Amino acid sequence: MNNKKDQAAFHLMLAPSIVFLIIFSFIPMFGIVMAFQNYIPAKGMSGSAWVGLDNFKFMFQIPDSKQILINTIVIALWKIIVGTFVSIVFALLLNEIRVRFVKKFMQTVVYLPNFLSWAVLATVVMNIFSYEGPVNAFLGWLGIDPVLFMASNHWFRPMLVLTDVWKGFGYGSIIYLASLTAIDPGLYEASSIDGANRLKQLWYVTLPGLMPTILLVTTLNLPNVLNAGFDQIFNLYNPLVYATSDIIDTYVYRVGLVQRQYSLGTAIGLLRSVVGIVLILSANKLAQKLTDYRIF
Amino acid sequence: MTHSIKSRIADTIIWIFVLAFTLSCLIPLVNLVAISFSDNAAASANMVSIFPVNFTLSSYEKLLSDSQFWRSFMISVERVVLGLIVNMMLMILAAYPLSKSSKQFRAQKVYMNIVIFAMLFSGGLIPTFMVVKQLHLLDSIWALILPGAVPIANVILLMNAFRAVPKSLEEAATIDGASQWRILSTIYVPVVLPTLATVLLFTIVGHWNDYFSALVYINKTSNYPLQTYIQQLSVDVQNITDPQKLIEYSKISNRTLNAAKIVISTLPLLLIYPFMQKYFVTGIVVGSVKE
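Order-wise, the sequence lines are chains A and B.
So that you can map any letter, position 181 of the first sequence is 181 in the working numbering, and since no number is skipped, the others follow by simple counting.
Just so we're on the same page, the working numbering is the position in the second sequence counted from 1, plus 1000.
You may find that some hints are simply not true.
[Stated by the list, open to error] Only part of the chain A face toward chain B is listed, based on derived beta-carbon distances under 7 Å:
1. 14
2. 32
3. 96
4. 124
5. 223
6. 261
7. 262
[To be verified] Below 27 Å or equal to it, Euclidean Cα-Cα: the simulated DSS-like pairs (lysine-lysine) are:
8. 1133(B) / 43(A)
9. 5(A) / 1133(B)
10. 1103(B) / 1167(B)
11. 289(A) / 1100(B)
12. 1167(B) / 1109(B)
13. 1220(B) / 200(A)
14. 1133(B) / 4(A)
15. 1278(B) / 103(A)
16. 1278(B) / 1062(B)
17. 1133(B) / 1220(B)
18. 43(A) / 57(A)
19. 1109(B) / 4(A)
20. 5(A) / 1103(B)
21. 285(A) / 1103(B)
22. 1103(B) / 4(A)
23. 1006(B) / 103(A)
24. 1062(B) / 104(A)
[Unchecked claim] Footprint (simulated), chain A over chain B, 3 or more residues, beta carbon under 8 Å:
25. 1022-1036
26. 1050-1060
27. 1069-1080
Since the hints were made in silico from the structure, they are not lab data.
Predicted model, so just to flag it, every value in this text is computed and none were measured.
Even for Gly, the Cβ is constructed at its ideal location relative to N, Cα and C.
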């Protein structure tokens, strides 16, 4: 009897969430039919003509589509590689700082940018790298001509990677710092008795100890190869650098919502999320195999 | 002897690098604050580094009379409060039954699959926009809250925390005849408080920082929350296609006022940040390293 009451309570607890998920997650899934239609808002989804895979075909014919895909993957990969590397290096360096309160203070500072939005940080970044900003002033002092960092197709991508890594490295280092404290101090003692210097200890004790975490984080980063960072790019880019910075997400926003090509936008979004799911499921499987960790 | 000298050199190098990393995060933000307290001429001439030049409060005085800024500020506050209530309620209520074994809650698997499917697959930006539009939520604050009412990633985080609660606590309460509602509110919630604090803070930051949903769902700029208002400050720049004009624009724009707006818009986060740090660090570690 009690069990029946429990079951009812559980169902009741989940009810509001399920209602919201149905309305805002599952009903929009039906909207995906727009990807296979020539959707005209006035006619609605039931009245618009079916066009089969035309939107998808068109998508591949857009001259920019290849460039957009390349941009997305290249930007995302660079961010993952450089970001992981810098986070690990910073964690290793910070780990060597033994003055407790200095370490605490530094951690507080480097975690902070992660909590500020790109809407805010974009202004900061643009100030610093503007034509007459401090970076260009410094270059001028070195005798180098000023560079329009944020409006140059040559510089924009490195800027994206640099500023993204800057925002995230502190936060990314948290997990590495945590696993550094988990390494058995006995190993360091033993290696130092064997005559290993600090560099050798880093190579033979610290890095192997860190390896499982690095492996896990990198695996879980895998689905992000299609996620080059909408917020950042959207807030920093301008038409001058579309060629090197337009990614799938920014393109869907411009084509789908700004230019109101609903069908095309939906088709591109659909393809992106299907590939995304495959990546997430693979990462989950891979992580489970390598480190016994499951995302869900 | 040589060993200790070498070690000291290594230490120095390490300190220099860590300091460089730390300063790279600190200086841009200090610079922004300094600009907001400087006079406009000095700021436009890029003379401000980490200390204000010709200290003045004029940009903050100007900001006081900017009614749109404060209206947006209040909309953001309202959104954080409403969003926090909705998110936390749904999160706790959904995570608890999901944390049960399928033996204890027979439909657990079914619900879990629904939730995971919703997390993995979505209709995407445009179909979601259509639904919000058809519900006549456009231009209302609920358009910023309801589509994200169930933060699934946080539900799963909380679910895992509930699963780690010792079963004996619950069994003792069941013998006393407590209902599931009672067990959840008097046993489970207090036990997972640190995790709750983590998701609470992530939820606050998420709502405060989001500019994009208002951009999509709010048509009247007077109804923009703060971050969208801030974001719009740089929009003019984004539409400039001529490099020469871009340079000119950066000269005439009101730098000190914009800096003051940004400082005030991040102030609430900066105020809660020191208190959150302890929680999010443990939250991240618990959530990611399971060994």
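Hints the structure violates: just list their numbers, smallest first. Hint check: 5, 6, 9, 13, 14, 16, 24, 26, 27 fail, others pass.
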